[in-house]
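*Asks:* With these hints in hand, go ahead and build the complete structure from the sequences.
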Amino acid sequence: MRKVCDFFGVSEAELLMEPQPFEEIVALKRKPLQQEALSKPLRHLDRLYQHSQDLEKYLGYYFRYFYSFGNKGKVIRSLALIYTEDNKYYWKNIEVLRNPDTGRSTGLNKYEGVLFFLADRIYLMEYEALEMNTITQATFYPSHRSRLDILLGIHTGGPTRRGRKPGASRVALEFLGRDIDTRAAMKRTGLFQPESGMIRSEILNLIENRIEDKSFVFDVDEP
Numbered sequence: 761m762r763k764v765c766d767f768f769g770v771s772e773a774e775l776l777m778e779p780q781p782f783e784e785i786v787a788l789k790r791k792p793l794q795q796e797a798l799s800k801p802l803r804h805l806d807r808l809y810q811h812s813q814d815l816e817k818y819l820g821y822y823f824r825y826f827y828s829f830g831n832k833g834k835v836i837r838s839l840a841l842i843y844t845e846d847n848k849y850y851w852k853n854i855e856v857l858r859n860p861d862t863g864r865s866t867g868l869n870k871y872e873g874v875l876f877f878l879a880d881r882i883y884l885m886e887y888e889a890l891e892m893n894t895i896t897q898a899t900f901y902p903s904h905r906s907r908l909d910i911l912l913g914i915h916t917g918g919p920t921r922r923g924r925k926p927g928a929s930r931v932a933l934e935f936l937g938r939d940i941d942t943r944a945a946m947k948r949t950g951l952f953q954p955e956s957g958m959i960r961s962e963i964l965n966l967i968e969n970r971i972e973d974k975s976f977v978f979d980v981d982e983p
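All letters in the sequence shown, in the order written, are residues 761 to 983 by the working numbering.
Keep in mind the hints are simulated off the structure, nothing from the lab.
Quantities reported herein were computed from a predicted structural model and do not represent experimental measurements.
Cβ atoms here follow ideal geometry from the backbone N, Cα and C, with glycine treated the same way.
Take the hints with a grain of salt, since some may be wrong.
Pairwise CB distance ranges, derived in the manner of DEER restraints [unchecked claim]:
| # | residue 1 | residue 2 | range |
| --- | --- | --- | --- |
| 1 | S799 | E962 | 25 to 33 angstroms |
| 2 | E891 | N969 | 22 to 30 angstroms |
| 3 | N969 | K800 | 19 to 27 angstroms |
| 4 | R960 | G918 | 36 to 44 angstroms |
| 5 | N965 | G918 | 35 to 43 angstroms |
| 6 | D973 | D806 | 39 to 47 angstroms |
| 7 | S956 | Y850 | 14 to 22 angstroms |
| 8 | N847 | S799 | 41 to 49 angstroms |
| 9 | S961 | D981 | 28 to 36 angstroms |
| 10 | Q813 | E962 | 24 to 32 angstroms |
| 11 | E891 | E982 | 32 to 40 angstroms |
*Replies:* See the structure below:
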């Protein structure tokens, strides 16, 4: 009896209780272990937050642009939001895989994540919140201008539906403002051919993926 009690972490008196109260006691004893297991990974995030700088300047809505991992040669324009709660900074992004010619949607991805500002770089970690099947990471150069316009960086990820092949791409965030017509902005999202004229040439130049001669890694120069 004692060995059984020690194994399950209960007393002999508790073991002889009716099933319902016994189940409640066991659940209470397990709870601190569950909380401890959860707090362990969160400690890593907390350490980063302690060193992260202020991102108040970057709050608001953005269009995110990059060449699609799953739709060769097409550019994705999606709507993103950087917001704050309890002095921490968060990210939401909605991708509507819409054909601009027909207006027909072929897919929807929703991302949520966190941001850190460390050593003069902005780091984004996000996950796909609908199917919970992918995590991506991006690094952006901060803006040193008085007026926020475009943030440039690089991100790693892959297609959520086709092939699941990992990749890296240049990525640009175009600042829209803190108070916008989100319905109108969403209508402008989708998949675009670069030559369609729907995307600014400046942005197309920024997100063009190229590796210079004698380069051995894919990196992005500060704009």
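*Asks:* Against this structure, judge whether each hint is valid.
*Replies:* Status of the hints after comparison with the structure:
The supplied range of 25 to 33 angstroms is broken by S799 and E962, whose beta-carbon atoms lie about 45 angstroms from each other. In this structure, E891 and N969 meet the distance hint of 22 to 30 angstroms, their C-beta atoms being roughly 26 angstroms apart. For N969 and K800, the Cβ-Cβ distance of about 38 angstroms falls outside the hinted range of 19 to 27 angstroms, so the restraint is violated. In this structure, R960 and G918 break the distance hint of 36 to 44 angstroms, their C-beta atoms being roughly 26 angstroms apart.
Taking 35 to 43 angstroms as the suggested C-beta distance range, the pair N965 and G918 does not conform, at roughly 24 angstroms. Distance hint check for D973 and D806: the Cβ-Cβ separation is about 43 angstroms, which falls inside the suggested range of 39 to 47 angstroms. Judged by the Cβ atoms, the range 14 to 22 angstroms given for S956 and Y850 is violated: they are separated by roughly 32 angstroms. Judged by the Cβ atoms, the range 41 to 49 angstroms given for N847 and S799 is violated: they are separated by roughly 19 angstroms.
Evaluation of the 28 to 36 angstroms hint for S961 and D981 yields a failure: the beta carbon distance comes to about 18 angstroms. Between Q813 and E962 the Cβ separation comes to about 28 angstroms, which falls inside the hinted range of 24 to 32 angstroms. Evaluation of the 32 to 40 angstroms hint for E891 and E982 yields a pass: the beta carbon distance comes to about 35 angstroms.
Of the numbered hints given earlier, the model fails hints 1, 3, 4, 5, 7, 8 and 9; all others are met.
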